[in-house]
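Chemist: With the hints as constraints, model all of the structure from the sequences given.
Here the protein sequences come in this chain order: U and E. Each residue of the first sequence is one higher than the last, beginning at 1 in full-length UniProt numbering. Each residue of the second sequence is one higher than the last, beginning at 1 in full-length UniProt numbering.
If you're looking for bench data, these hints aren't it; they were derived computationally from the structure. We treat Cβ as the ideally placed atom computed from N, Cα and C, and that holds for glycine. Any given hint could turn out to be false.
[As the list claims (entries may be wrong)] Anything over 10 Å on all C-beta distances counts as not near chain U; from chain E, calculated: (1) Leu-61; (2) Asn-99; (3) Lys-207.
[Unchecked claim] Only pairs whose alpha carbons sit at most 30 Å apart, straight line, appear in this in silico DSS-like list of lysine-lysine: (4) U:Lys-131 / U:Lys-147; (5) E:Lys-77 / E:Lys-62; (6) U:Lys-40 / U:Lys-25; (7) E:Lys-47 / E:Lys-22; (8) U:Lys-284 / E:Lys-47; (9) E:Lys-26 / U:Lys-73; (10) U:Lys-257 / E:Lys-365; (11) U:Lys-104 / E:Lys-26; (12) E:Lys-33 / U:Lys-284; (13) U:Lys-104 / E:Lys-33; (14) E:Lys-278 / E:Lys-89; (15) U:Lys-259 / E:Lys-363.
[Stated by the list, open to error] Chain U is nowhere near these chain E residues, computed Cβ spacing over 12 Å in every case: (16) Gly-125; (17) Glu-232; (18) Ile-234; (19) Ser-263; (20) Tyr-326; (21) Tyr-379; (22) Arg-393.
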Amino acid sequence: MFKSLREKLSSVKESISRTIHDKDKEKVTSLEDEIETISKKEDLSKEEKAQKLGFIKKAKTFLLEGESILNEKDLEEPLWNLELALMEGNVALLVVEAIVSSVKSNLIGRKKKLLAHTDEIVEDVLYESIKNVIKNDGLSFDEIIEKSDKPVVILFVGVNGTGKTTTIAKVAKRLKDKGYSVVLASGDTYRTGALEQLEIHGERLGLKVIKHQYGSDPSAVIYDAIEHAKARGIDVVLADTAGRMHTNSNLMRELQKIKRINSPDLTIFVDEAIAGNDALERAKLFDEAIGLDGTILTKLDTDAKGGTAISISYITGKPIFFFGTGQSYDDLIIFQEDWLLNKIFGNDSEEEN
Amino acid sequence: MILGNLGNSLKETFNKLARLNKIDKKIAEEIIKDVQRALLQADVNVKLVMKLSENIKKRALKEEVLEGFDAKEHISKIIYEEFSNILGKVTEIELKRQNIMMVGLQGSGKTTSTAKLAKYFQRKGLKTCVICADTFRPGAYDQLSQLCKVHSIPFYGEKGNENAVDVVKNGLNEMKEYEVKIVDTAGRHALEDDLIQEMKEINAVLKPDHKFLVLDAAIGQEAEVQSRKFSEAIGITGVIITKLDGTAKGGGALSAVSETGSSIAFIGVGERIDDLEKFDPDSFISKLVGLGDLKSLMERVQESVKPDEMAVEEVLKGKFTLKEMYKQFEAINKMGPFNQLLQMIPFGGFGIDLKDKDYEKTKYKLDRYKIIMDSMTEYELENPACFDSSRIRRVAIGSGSDIAEVRDLLNYYKTLKKAFGMFKGGNIRGLPGKFMKMFGREIKI
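Modeler: Right, here's the structure in full:
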């Protein structure tokens with residue numbers, strides 16, 4: 001995972017520094033050519049030659065030791081390549097533009113020693129730009145669970161088929177392994193098979209599932225689960241909801257109601273890493289409608305390019321808690337920005353896939 | 001909507017082109033950048049975008065602008081043709097005895113599409129059944145069996161049997177009598193070797209006539225690789241794009257079609273069982289280039305509304321009273337989600353950009369109008385000219401609205417009447433434009 005984004009970015013990096021390098025080198029070469037032509041000219045006296053050469057040689061030394069300033073034109077081509085690389089890495093266009101313009105404003109006007117290596121400058125600038133997008137200073141998932149009053153109520157929302165139910169099972173397993181008691185609330189009362197799906201997970205993990213019938217009010221199911229947790233002293237309530245299109249205002253209102261009645265401690269947006277530009281749109285609309293506290297990004301094992309993580313972080317400004325990386329319960333890894341940055345920029349060639 | 005309205009994104013550039021009869025390099029490049037951006041934002045594969053746009057640019061500069069065309073039409077035509085090359089085909093679905101296999105990534109909507117497709121064949125009069133070969137995901141069996149039960153679709157599945165290939169074998173035996181057998185399989189991705197192997201084995205047993213790759217409209221750059229791998233493993237005969245009722249542009253489908261050498265068969269546009277449409281490349285590409293899609297609008301009208309409900313006869317004869325307008329409001333409601341309908345209308349070309357909120361407002365307004373009309377007498381409906389201030393006041397009180405709203409309604413009626421008046425003289429040329437302009441102006445609240 002992230003391999004291709006990393007490769008793309010590193011080739012852009014090279015292309016930017018090559019452009020800069022070539023530009024300087026051209027100037028120097030042309031000066032050297034001139035020196036040669038002048039030296040070979042026979043119609044000039046020694047003094048005349050020395051005078052001309054002296055001037056050109058000075059220019060050359062100045063070039064070699066001096067500094068040049070990057071301008072917009074130099075960067076046009078490499079930046080377009082950067083744009084493409086990010087887009088191929090599945091970063092949404094809006095976010096790509098934000099990153100590219102930040103890279104651009106950081107590079108333009110920057111002085112650098114001629115013929116010096118520019119890789120590092122470029123890499124630093126790119127690294128900082130992406131880091132700014134994904135950084136988050138909030139608490140980690142584990143800290144939130146630890147510090148919140150029990151029962152901690154967590155609501156999982158998202159569009160259809162992103163993996164909410166599977167993710168809930170994985171999070172439940174993780175919490176259980178850490179010694180917390182967990183109850184699941186079957187808040188997807190719409191999709192056929194949803195109750196059974198969560199119930200099977202509950203059975204396998206040895207967890208109680210609170211459910212009503214299909215078509216019943218999801219707010220009430222979750223309410224019951226919270227009451228159950230309070231009565232039995234259970235630490236965490238994980239509440240499933242039906243997948244819904246962010247454009248369906250009736251269903252979004254239903255979510256607002258669920259939130260109003262049950263005031264969850266965390267509302268987690270579940271989306272898939274294979275989603276493209278639309279990830280931005282739906283994260284935005286979900287956030288506007290109900291307010292999100294964080295994201296879990298699923299299906300990273302599909303060799304997804306990881307750009308979706310950057311897009312969603314950018315638009316919600318909220319942390320990504322976990323990545324889902326497979327179909328078994330333990331395929332859930334904690335998201336850490338250093339880890340992601342290392343995946344994108346690092347040299348670690350070891351690949352899971 | 002697939003790819004959204006590329007025409008909209010190109011509008012500004014296109015405006016510069018209007019009335020030009022030559023395209024120079026600078027303008028061509030500007031347009032190409034816009035085309036690229038629009039396609040990339042719609043999640044079309046980057047390499048494909050480059051290829052497409054390069055072709056468009058080359059042709060735009062090389063080919064002469066035809067007599068009587070301006071530069072804008074010239075470019076539109078080229079864009080239209082280039083897209084036709086990729087998307088112009090449609091997967092032929094014969095109405096005969098056949099086996100169908102549904103494959104795709106996790107959560108792309110295979111199970112829902114399976115039920116929708118079964119219903120599609122049932123509507124066409126074929127004896128259709130569904131076999132559940134998703135033996136992996138918890139609840140998959142229940143999901144499909146419940147869906148089938150609700151919609152009276154014969155179902156075969158074996159709860160507890162984890163061997164999908166055996167289930168398919170048994171299912172084929174048990175369900176021999178059915179003409180169309182649709183097999184739903186577990187979600188998988190290209191890197192899961194054992195699941196890819198399972199898919200190959202099901203393919204060998206089922207010998208499907210159609211292998212549909214189900215693709216989420218929101219899929220990004222991943223679409224290319226995944227569809228290539230599916231195609232390599234079993235060969236894909238058609239693509240079904242799902243969840244097009246959201247904001248996703250479905251550009252991944254373009255990559256999938258180009259990678260698998262297949263075509264789009266169906267598109268899923270909602271959660272209801274009937275929300276599956278046959279893909280129509282012509283109207284899709286027209287929409288894409290910004291011509292609007294009057295064709296599928298008309299089809300939809302014909303399918304769901306009987307002529308007398310739409311009061312077409314009367315309107316064509318020139319009779320258009322509040323009664324006819326009422327019938328039309330009802331017809332519009334019947335045609336399904338209001339915004340889907342409005343999206344087919346070429347607003348882009350008339351500078352009207354309807355947002356979801358506006359759709360809702362419009363729908364709300366039409367509902368209010370109906371309520372007001374319910375408070376009118378038969379005589380008033382037939383003779384809208386009779387309204388004086390006392391009648392207006394009575395209707396306002398009766399319907400719980402106010403005088404201004406009733407007047408609003410009457411004005412709206414007048415505008416529509418004027419628009420429909422144009423049908424009479426056989427003046428069809430340019431009519432949709434004029435009509436939509438008026439309709440649009442009214443709608444923009």
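Chemist: State for each hint whether it applies.
Modeler: The hints, checked one at a time:
1. Distance to chain U confirms Leu-61 (chain E) as a non-interface residue, since its nearest Cβ pair spans about 20 Å, more than 10 Å.
2. Non-interface call for Asn-99 (chain E) relative to chain U: holds, since the shortest CB-CB distance, roughly 24 Å, exceeds 10 Å.
3. Look at Lys-207 (chain E): its CB is around 28 Å from the nearest CB on chain U, clear of 10 Å, so calling it non-interface holds up.
4. Between the alpha carbons of Lys-131 (chain U) and Lys-147 (chain U) the distance comes to roughly 27 Å, so the proposed pair stays at or under 30 Å and holds.
5. Taken as a hint, the Lys-77 (chain E) and Lys-62 (chain E) pair is honoured in the structure, with Cα atoms around 14 Å apart against an allowance of 30 Å.
6. Simply put, Lys-40 (chain U) and Lys-25 (chain U) have alpha-carbon atoms about 23 Å apart, close enough for the 30 Å limit, and the pair holds.
7. Distance hint between Lys-47 (chain E) and Lys-22 (chain E) is fulfilled; the C-alpha atoms sit about 29 Å from each other, no more than 30 Å.
8. The straight-line distance between the Cα atoms of Lys-284 (chain U) and Lys-47 (chain E) is roughly 28 Å, inside the 30 Å bound, and the hint therefore holds.
9. Distance hint between Lys-26 (chain E) and Lys-73 (chain U) is fulfilled; the C-alpha atoms sit about 17 Å from each other, no more than 30 Å.
10. Under the criterion of a C-alpha separation no larger than 30 Å, the hint pairing Lys-257 (chain U) with Lys-365 (chain E) is consistent with the structure, at around 25 Å.
11. At most 30 Å may separate the alpha-carbon atoms for a hinted pair to count; Lys-104 (chain U) and Lys-26 (chain E) meet this at roughly 23 Å.
12. Restraint check: the Cα-Cα separation between Lys-33 (chain E) and Lys-284 (chain U) comes to about 26 Å, which is no more than 30 Å; the hinted pair holds.
13. With a CA separation close to 19 Å, the supplied pair Lys-104 (chain U) and Lys-33 (chain E) stays within the 30 Å bound.
14. The suggested pairing of Lys-278 (chain E) with Lys-89 (chain E) holds, with an alpha-carbon distance near 12 Å, which does not exceed 30 Å.
15. Proposed proximity of Lys-259 (chain U) and Lys-363 (chain E) is supported: the alpha carbons are some 27 Å apart, at most 30 Å.
16. Gly-125 (chain E), annotated as away from the interface, keeps every beta carbon of chain U farther than 12 Å; the closest lies near 26 Å.
17. Listed as a non-interface residue, Glu-232 (chain E) keeps its Cβ farther than 12 Å from every Cβ of chain U; the least gap is roughly 15 Å.
18. With a closest Cβ-Cβ approach of about 18 Å to chain U, Ile-234 (chain E) is found to remain outside the 12 Å limit, as its non-interface label requires.
19. Its beta-carbon lying about 21 Å from the closest one in chain U, Ser-263 (chain E) satisfies the requirement of being farther than 12 Å from that chain.
20. With a cut of 12 Å on Cβ distances, Tyr-326 (chain E) stays outside the contact zone with chain U, its closest approach being about 25 Å.
21. Consistency note on Tyr-379 (chain E): stated as away from chain U, and its beta-carbon is indeed over 12 Å from all of that chain's, at 38 Å minimum.
22. The beta carbon of Arg-393 (chain E) sits about 34 Å from the closest Cβ of chain U, which is more than 12 Å, so the claim that it is off the interface holds.
The structure shown violates none of the earlier numbered hints.
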